[in-house]
Amino acid sequence: MTAAAILRAEALAKRFGGIVAASGINLAIRPNELRCIIGPNGAGKSTLFSLLCGIYRPDAGRVLLRGEDVTSVLAFGRVRMGLGLTFQTNRAYHNLSIRQNLEIATRGAHARASEPEKRFHYALSIFGLDASAETPARQLPHHKLQWLEIAMVLAGGPDILLLDEPTAGMSPDETMQTARVLQHLNHTGLTIVVVEHDIAFVREVAQVVTVLHHGRIFAEGSVAEITAREDVREIYLGRA
Amino acid sequence: MRTLIGLINGPEDIGRSQWFWLLASAVLLVLFLLPLWASEFQSSNIAYYLLNIPMALGLSLLWGYCGVLSFGQVAYFGMAGYAYGVIAGNLAGNTWGPLVGSLGGLAICAATGAIFGYFVFYGRVQNWIVPILTLVFTLLLETFLGQTAGYQWRIGHVQLGGYNGMTGIPSFQLGSEIFFGYPFYYFTLAITLACYLTCRMFVNARYGKVLLAIREDVIRTELLGYDIRACQLGVFVMAAMLSGMSGLLYVQWGNYITPSQVGLFQASLPVIWVAIGGREKLLAVAISTFALNWLNYALSQAGNEYAPVIMGALLLAVMLFFPGGIIVTLAAGRRRRERSRVPISANEEST
Amino acid sequence: MTVDEENRTNVQDLGKSGEGSASAGPVIDRRVLIQGAGATVAAATVLSRTTPLMAQAGNQPVKIGFIEDYSGNLSVYGLQKLHAAQLAVKEINEGKTLKGGPVGAGGLGAVGQFAAKPPVISKDGTSLAVVSDGGAKAKSDVVFAEDPDVLIDSGEKGILGREAQLLSPDGQSNNALWQQLARRLIQQDKVDVLVAGFASAEREAIRPIVDQAKQLYFYTNQYEGGVADANTFCTGPVCEQQVIPGVQYMVEKFGPRGYTIAADYNFGQLTAAWTRAFAPLVGGQIIGEEFIPLSVSEFSTVIARIQQAKPDWVMTLLVGQNHHNYYPQAAAAGLKFPMVSTVNMAQGYEHKRFPPPSLAGMHNAIQYQMEVPTERNRAFVKRWMAMFPNDQYIGEMAQNTYFTMHLYAKAVRMAGTTDQQTVKKALESGWNIEAPEGTVFLEPGTHHCAHYIRLAVCDENHNVSFVREWPMIQAWWLQRLGVNLVRNPEYKQYTPDEDPFFSMFVKGKNKKI
Amino acid sequence: MDVLGLIVSVLYQFATNAAFLLLAAIGLIVILGMMNIINLAHGELMMMGAYTATIAFHRGIPFPIAVVLSFIVVALFGALLERLVVRRFYGRELGALVVTWGVSLIMGQGTLILFGPFMPAISIPAGSFALGLYSFSVYWIVLIALAVLIILALWWIYQRTPFGLMARATMQNPAMARALGVNTDRIYMATFALGAGLAGASGALFAPTTSIAPLMGQQFVAPAFITVVVGGAANVLAGAVGSSLLLSAVKTPVGLILGAFLGTVALLLTALIVIRLMPDGISARLQAIAERRVRR
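Chains as they are written, first to last, in the numbering used here: chain A, 1 to 240; chain B, 241 to 591; chain C, 592 to 1104; chain D, 1105 to 1400.
Be careful, since some hints might not be right.
[As the list claims (entries may be wrong)] Quick list of in silico lysine-lysine cross-link-like pairs, DSSO-like style, CA-CA up to 27 Å:
# : chain 1 : residue 1 : chain 2 : residue 2
1 : B       : 449       : A       : 118
2 : C       : 681       : C       : 781
3 : C       : 748       : C       : 690
4 : C       : 805       : C       : 1083
5 : B       : 449       : A       : 144
6 : C       : 1083      : C       : 781
[Said to hold, decoys possible] Pulled a few chain D residues facing chain B out of the computed Cβ check, cut under 10 Å:
#  : residue
7  : 1184
8  : 1188
9  : 1201
10 : 1207
11 : 1216
12 : 1380
[Unchecked claim] Beyond 12 Å from chain B on every Cβ pair, some chain D residues (computed):
#  : residue
13 : 1107
14 : 1162
15 : 1167
16 : 1173
17 : 1189
18 : 1199
19 : 1258
20 : 1263
21 : 1282
22 : 1341
23 : 1369
These aren't lab readings, by the way, just hints derived from the structure by calculation. Note that this is a predicted model, so its numbers are computed, not measured. Idealized CB from N, CA, C, for every residue including glycine.
Chain A extracted, bound-state conformation (with noise of 0.2 Å):
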C-alpha cells in the first residue's frame, strides 16, 4: 500500500542556521487522497511543501514522485511531472491581466503540452474566472486572487495539487465554495494536499488529517481521530 504512494517523503530534513525547520519527516500521499496538513505557526509546513516542490534541497532524506526519486530535481521539472503548488501569500502576477497569467501558466509544463487551449478554458471556468477584462490581477478581490492562482496551477494541468492556506483571508462562504471546488477536482481524480488552520475547512474536506509540530509528524488520522486527541489539542489550542 505505501509502494502505491504517489508522492513520498523519507527522512525529510532540513535547518536554517539554527532553526531546525524539518527533521526526519516521513510521508506517503496516496493517490486521489485529499490531505490536510495542520500544525501551529513554524511547524515546518510551508518549508515540507518547498522541500515537496524543489525549491528547497533537503539536508538529510529524499522525495519520491510516483516511487521515482526526485530528490535531486529542480522544481520546474518535478512541476512537468505533475506536481503543482500554490503559496501561502498569493503569487499570481499581479501586474498581468488574468488572461496574461492563465497563458503563461498553461504553457508551463511543456513536457505535458497536450491541447494548451482545452486547460486554458478548463482553469478559467473550474471557479468561473472572467479573462476578458485587460486588468491587471493585482485589481481582482482577494478571494478572487486566490482562486486565479490555483487555477493557474490547474492550467498545468498537474495530477498532485499541493495548495498552502488556499482560503487565507476568505469569508466563510468563499471558504466553502473552495473546499466545494476542491472536492470535485478530486473526483475528478487528482490528488490534493492542503496546509490549513481553518479547522471548519478541514472537517469540510479532508480524508486523512496530518498533524506537523516542530518539523516532525506529529499525528497521523482521519479528521475525527485527530480532532479527538487531546494531545493534538494541546498544541493546537494556544492558538486554534
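Since chain A is already given, all that's left is putting chains B, C and D on it; use the hints.
Frame of chain A, contents of chains B, C and D only:
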C-alpha cells in the same frame, strides 16, 4: 507578415497607437534624410550615438525583462571589436574580410556569453551577485588586454597593441562597397533599427511573455514548469550578441579600439543609459541612450569640467523622481490618460 | 658616413627642391598603406584630394584645435597643458613670440649650442659615444650661457594679422570621445592646426582621423617614441633622449646592476625594452624586470621582490594615480635604492605631492621641469603664475605645449599662409626655438625634437638639483631606422621589435619575467 | 639568501595583502553585507575620509585624531546620504547601485573642482625595521592590527550590544522589528552611517600610503566588492575575513614568484571560481562546517 506586424505592434513596448507610428515614421524619415543637410562629420557623430543602442537594448532585455543586471556588457562589446579587428585585419585586401570578421565577432560573443552565462545561471548565482561577477569578468579582460603591447601579442599580422589599442581596423565592406562617411551612417541606422525591431518582436512573442513572468516572480514561474536558467541563459546570450553588434559598429566607426573601452567607467555607462530611460521599455532605452550620448558629447565639446557632475545629478534626479525611468514614466502618464490602463510600474528586481 | 649624416644631406636637398617631392611622394605608399590601415586611408586619399585650401579671409581667426583631459583620470596633466596653451595664445595675440628661426636641416648650426657629443650609436649598434658631463652640480647657476629673455616682439598682433583662437574641448580621458572631438575640430571647425594628446592611447585614437584629413597635428607629450607620421610633429622627448643619459649616470654613480619596474602597458614595456637594450652599452645590466598592471596600488610584494634582487639602482616607469603610491610605500618599507625614471617628478610632481623622503634619491633625465634654474625659465614661470596664480606646478608637458604653440605661429608667419600643407613644408625646414628649457631643434626628417636634457636629482628634503646637462640630444632612433618623412611619408609607429639592434636584447625577454 | 628574512617577508606580504583587502572592504561589509545596498560610492566615501584626514593633518591635528575625525565627518555625511537618497532604495539593490554611482560621479568630479587634482599627502607615520635583506614598514603592521581590531569591534557591536540586536532584527525582518517597537528608520540610518564612517576611517588610514586625489577611491572599489561578495552574506564578518585571507593566500605567492600581473589575474580568477562554486560565499561554507561540528 500579418503575425510579424502583430508582434511588432504587441503590448510589450511603448507606443501602439497610430499616432505613435506616425511620429515614429516621421522621426525615421528625418534620420533617413539627415545627410541632406548634416555634414559628413555630423552624421558620423549621430552614427556614434546610434551605434550604442543595440548594447543598451540587450541590457534592457536582460535587466528590464529578465531582472538580471549585467555590469559587463562592454566585455562583449570589446570582444567583438577585437575579434573583428584581428579577423578583418588579417583578411585585409579581401573584399569579404570585414563581413567574415563581423560574423566571427558575433560568434565569439555568443560562445563566450553562453559559457559565462551557463557558469552563472546554472550555478544558481544569486541575482544581486551577477553584476559583480560580470564586472570582475570585464576587469579581467581589461587587465589582460592592457598588457598586450609586446610584439609577441600579435595574431596573424595584427598587433593587439596593449593599452594604446588596436589601430587601422578596416571599415565595414560588402564586396566593393566600403561603408565610410554617409554610407556608414545609413549602415548604422539600418542595423540599429533592425536590432530594435527584432527585440520588440522578441518581447512580444511567446518567449517574451515568459520573461515578463520571470521579472514578476521567479519562483512562481519556475513552479509553473519553466526552466528559468535556460530562459535567462538564452537572453544573456542574446544580450551578449547585441553588445557585440555595438562593438562591431564602434570599431568600424572609429577604426580603433582600446582596452579602456572595457574599463570600469565604460562598463557603467550602459547601465546608466538603461536606468535613465526606463529599463522595462525598449524604446525608452533606445531614446535615452541616444540622448545621453548626445548630451555627454555636447557637454564635453564645450570643454565643461562640470560634465560628470551634471551627469551624476541627472542620474540622481531621475532615480529619485522617476524610479521607473523618465521616458517610461512619461509615456505611462500619457497612456493612463488615454485609457485607464495601469502601466507596469518599476517592479522590484530583488529576489 | 653615418645614417644621420645621410639623412641630413637628403633632407637638405629636399629643403631646396621642396614642393614636388612631398606631393608626389605619397602616391606610391598609399597602395601599400591601404593593405595596412585599410579603407580608412583609402578614404583619406579621396578626402585629401577633395579638401579645398583654407580661405584666406583676412580677419577670420586662426583656429587652433586643442584637446586635453580636464576631467577624469588625466585631468591633472590636461589642466596644466590647457593653461600653457592659453598663456601662449595670449602672448601670440599680444604680439609676442619666442626667439629662434629656421636653421636648415642640419641642426642648430650657428644659432644654438651643441652638446659636445650627443649620444649616437653607429649603424651596427655597438659603440655608444660617452655623453659629456655638462658641469658641476649646480642648483642656481647656469651651466651653458644662453639668452636670459627669449620672449620678443613678433611685429604683429596674432598670426598674419589674424587673431589666434583656441578651441579646447574636454576629452574626459575617454578615447571614444577623443575621436568624436578630433573629427569635430577637423571636419567641422576646420581647425588650422591640432594640438592634442596626453596618453599614447589618445594619440593613437586620433591619428587615423588626422591622417584621413592630412591634418597638421602636434603631439606635445614625452612618450615611448617611434611615431613616424607625415602629418604629426612630436615635440616631446622620447626614450633615446632620456633613458640612455639616465642609465649611464646611474651606472657611473651607483654601479651596473639595475632593476626595472614598469607600468604594464605600451609606454612602460617599450621604455623597459630601451633600458634593457642600452644598459649594456654603458656598462650596466638589468638584473630584473617587473610589469605592474595599472590597477595595482599596493606594492608590498613588488618591494619584497626588489629587496630580493638587491640591485644598485631601480628604474621606475610607474604611471597613473595607483602607481604613485609606490613611492610612499617603498619609503615606508625602508627601501633606500636610488631610483631613475623618465616620467616621475617632471610630470606628476610627486616630489611636491608626497612628503619627504618618499622620492629621496630619484633621478630623472628630463628636458624641463619647473625648477630648471635658468633665468629664462624663471621669467617663464613668473609670466605663468601671473596668469594662473593658483596653479601648483608647471610640468614638462605644459612647457612643450607652450613652445609648440609659438613654434606653430612662427612657422605660419614664414609660410605666409595657414594652408596646412604649406605650413608642414615650413616646419620641415629645420627650426630651432628658444623654449624655457633651452634651445629646441625640430628635426625635419623625423618630425621629432632635439631637446636640452638635464639630469634632475631629488634629495631627502625633496629639493631638486640638476647634476648634469646635455644641451642637445637628438631623437636619433627614427633616423637610425632610416625614417625620412620629407622624402617618403609614412603613417605608422615603430616599436623596438622592428630594430635589429634591439632584437639582440629583446629576443624572448620581452615576455613577462 | 637568508631564510628567516624570506619567511618573515612572505608572512608580512600575506598579512599586508589581506589587510589591504579587509580595510578596503570594511565599510562595504556593513553597507553591502548587512544592508544589501550595492554602494558604488564606497570608493568616494573612502576618498572623503582621506581628504578629511589630510586636511585636518595639515592643520596640525595629530594623525590618530584626524582618523577619528574623518570617521565622524563621513558618518554624518553617510547619515545625510541615507536620509536623502539611499532610504528610497531599500530592497531595490539595483536601483541603489545606479543611484550611488551617480553620487560617486558627483563626489569625484566635485572634489576635483573644489580641491584641484592633487593634495599634498601625509607622510607615513612610524619608520621601518630591517631583517636581513628585507625591511618592513611599521605602519603597515599597525594597519594589519587595526584591521583585526575593527573587525572584532564590529563583531562585538553586532553580537553584544542592544543596537546590534535591533540592527540584526531590522535587517532580517523589518516588519517584525517594527512590531516589536524598534525604530527601524533610525536603525537603517545609523547602520548606513556606521558603514560610511568605517569607509571614511579606512580611507583616512590608507591616506599616508597613497596619493590624495579625487579619483583615489576607485583603486579600492573592485577589491572591496570582490572581498565582500566572495565572503558572502551568511555571516558577513567571518566571510570577509575568510575571503581576504583566501584571496591574499592566492595573490601573495603568485605575485612573489610570477610577478604582479599574474598576481592580479590570479586574484580575479579565484574570485570568479569561488563565487561560482559557493554562490552563498565562503561564510556559508564556514557556517555549514561549524554546524556539522555542533551536531557531532
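Q.
Of all the hints numbered above, which does this structure not satisfy? Sort the numbers upward.
A. 7, 17, 18 and 23
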